[in-house]
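Please model the complete structure; the sequences and the hints are all you need to start from.
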Amino acid sequence: MFWTSWFLAALAIALAWPVPVFLSRAAWPARAPFAAMVLWQSIALAGGLSMIGAMLCWGLVPLGENLASGLHGLALILLGRDSLDTLGLIHAFALSAAALLSAHLVFTLWLTYYRIQRQRSRHRDLLNLLSSPSTDRPDTLVINHQAPVAYCLPGGSRSVTVLSEGLLELLSPEELHAVLLHEQTHLLQRHHLLLWAFAAWRSALPWLPTSKLAQQAVSSLIEIMADDVALRSVDKATLVTAIALVASGSAQLPADTLMADNASQIDTPTTTSARLSKLLAPAPALATGRQVLIIAGALMLLAIPTALLLVPGILA
Amino acid sequence: MATLGDLERAVMDLLWEHQEAITANILRDLLSQRTTDDNAESRPLAVTTVLTVLSRLEKKGLVERERASRPHRYRAVTSREEHTAELMLEVLGSAPDREAVLARFIGTVSPGEAQTLRTLLGRP
Numbered sequence: 001m002f003w004t005s006w007f008l009a010a011l012a013i014a015l016a017w018p019v020p021v022f023l024s025r026a027a028w029p030a031r032a033p034f035a036a037m038v039l040w041q042s043i044a045l046a047g048g049l050s051m052i053g054a055m056l057c058w059g060l061v062p063l064g065e066n067l068a069s070g071l072h073g074l075a076l077i078l079l080g081r082d083s084l085d086t087l088g089l090i091h092a093f094a095l096s097a098a099a100l101l102s103a104h105l106v107f108t109l110w111l112t113y114y115r116i117q118r119q120r121s122r123h124r125d126l127l128n129l130l131s132s133p134s135t136d137r138p139d140t141l142v143i144n145h146q147a148p149v150a151y152c153l154p155g156g157s158r159s160v161t162v163l164s165e166g167l168l169e170l171l172s173p174e175e176l177h178a179v180l181l182h183e184q185t186h187l188l189q190r191h192h193l194l195l196w197a198f199a200a201w202r203s204a205l206p207w208l209p210t211s212k213l214a215q216q217a218v219s220s221l222i223e224i225m226a227d228d229v230a231l232r233s234v235d236k237a238t239l240v241t242a243i244a245l246v247a248s249g250s251a252q253l254p255a256d257t258l259m260a261d262n263a264s265q266i267d268t269p270t271t272t273s274a275r276l277s278k279l280l281a282p283a284p285a286l287a288t289g290r291q292v293l294i295i296a297g298a299l300m301l302l303a304i305p306t307a308l309l310l311v312p313g314i315l316a
Numbered sequence: 001m002a003t004l005g006d007l008e009r010a011v012m013d014l015l016w017e018h019q020e021a022i023t024a025n026i027l028r029d030l031l032s033q034r035t036t037d038d039n040a041e042s043r044p045l046a047v048t049t050v051l052t053v054l055s056r057l058e059k060k061g062l063v064e065r066e067r068a069s070r071p072h073r074y075r076a077v078t079s080r081e082e083h084t085a086e087l088m089l090e091v092l093g094s095a096p097d098r099e100a101v102l103a104r105f106i107g108t109v110s111p112g113e114a115q116t117l118r119t120l121l122g123r124p
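These protein sequence lines are chains V and Z, in that order.
Counting with UniProt numbering, you get residues 1 to 316 for the letters of the first sequence.
Counting with UniProt numbering, you get residues 1 to 124 for the letters of the second sequence.
To be clear, the hints were calculated from the coordinates, so they are not data collected in a lab.
Predicted model only: the values in this text are computed from it and were never measured.
Every residue gets a Cβ at the ideal spot worked out from N, C-alpha and C, and that includes glycine.
Hints are supplied without guarantee of correctness; some may be wrong.
[Unchecked claim] The calculated SDA-like cross-link candidates involving lysine to any residue, where the alpha carbons are at most 25 Å apart (straight line), are:
1. 212(V) with 98(V)
2. 60(Z) with 111(V)
3. 60(Z) with 155(V)
4. 212(V) with 22(V)
5. 60(Z) with 139(V)
[Claimed, not checked] Every beta carbon over 10 Å from chain Z, so not counted as near; a handful from chain V, in silico:
6. 3
7. 31
8. 89
9. 92
10. 103
11. 135
12. 136
13. 168
14. 237
15. 272
16. 303
17. 304
So this is what it looks like as structure tokens:
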């Protein structure tokens, strides 16, 4: 238990700082977005698991040889059949910290979900009043505004894609087709669930480098994945023109439309530049063998802390 | 006028057109006029339906009720333009927690980036 807790602590620190920093600087994720996405998820999950696991194991050291016997000892103390003195103050503190961190993570996940749902529902109410259904496309709404915007609002069977009149005027039918394919991929591949999980991860541990880097990486990876799907049906020049037209148009808005929002731009996403440079200077997709290797590595990363916690006797 | 959603839209359109607060009865008459213009076969609208729609809109924070006189009068909380601005702010804003609410085709673009793109596209 003692060595398990130290090993988990070392893993937690590695996954909180050096590993995400290296991964965020690497160039290969754009060439293997799916594998990179799996890796980021496993870094977040394994990181959280080893953080909680390290404190839990260290707290249980006086009570047993492994997690099961330690938890049994803890149950006896909580039931009042054993004295708290067998645990000691420092170990009791570590156990409380593990419990608090777990509760904090679950609560933040729930809170973020609730906040996102509330904002979506408000947005849907406003859309209902201010937009009209597209005449020729299902599940598509058109808002009467000159800024060229396209986005999708996820919500199960009520998911909609929203286009502005400005966008419809700006783009050719082919370019519009590329935009719609991109947006439908976001909905089909459930990208909003990834964004939710990583937004919660970030608001739970905002001071951790990993949570910020992971959220930025995931936002940019989903755009690359959606672009890749669109490129199966439209040619690259069309998609590049669509991105460039929409991007150059949306920054041209009158100041009163954006109101005071410029002040709140905490970190301007570099996603648009990253997408364009990926499309304009394409690097070949990573070899399948390497992608499989990365995914296997990601699964191993998740398996290590799980095994350390659950299988007795791996480390003393 | 098939769904509640359509009715909410029609009611808000009327409230946005009227500067002063109006009663559910007046709204019903105005709505009936519009439907007969559009479709002669539609059934007349009941005041209770209009009241249901109004209370839904009130719950959503879109309509406020003046209780000083009876029957109560209703008005839109803000103009259509302000609601559009709110909507667009949410779409174009760049706060990190908004990213999860809706997936945009293009994220926030800095003015410099936009200028470069316009130059590349050969547009002013």
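For each hint, the structure was consulted:
1. 212(V) with 98(V): holds, 22 Å
2. 60(Z) with 111(V): holds, 21 Å
3. 60(Z) with 155(V): At roughly 18 Å apart (the allowed maximum being 25 Å), residue 155(V) and residue 60(Z) satisfy the hint.
4. 212(V) with 22(V): With a Cα-Cα distance of about 14 Å, the restraint between residue 212(V) and residue 22(V) holds, given a limit of 25 Å.
5. 60(Z) with 139(V): Since the Cα atoms of residue 60(Z) and residue 139(V) sit roughly 23 Å apart, the hinted pair holds (cutoff 25 Å).
6. 3: Given a closest Cβ separation of 38 Å, the condition holds.
7. 31: With a cut-off of 10 Å, residue 31(V) remains clear of chain Z, as the shortest Cβ separation is near 21 Å.
8. 89: holds, 39 Å
9. 92: Label holds. Min Cβ-Cβ 36 Å, cutoff 10 Å.
10. 103: Holds: least Cβ distance 21 Å, greater than 10 Å.
11. 135: holds, 16 Å
12. 136: holds, 19 Å
13. 168: The assertion about residue 168(V) holds, with a minimum of 13 Å to chain Z.
14. 237: holds, 12 Å
15. 272: violated, 5 Å
16. 303: holds, 28 Å
17. 304: Consistent with the label, residue 304(V) stays out of reach of chain Z, its closest Cβ about 29 Å off (over 10 Å).
Figure legend: structure checked against the earlier numbered hints; the only hint not met is number 15.
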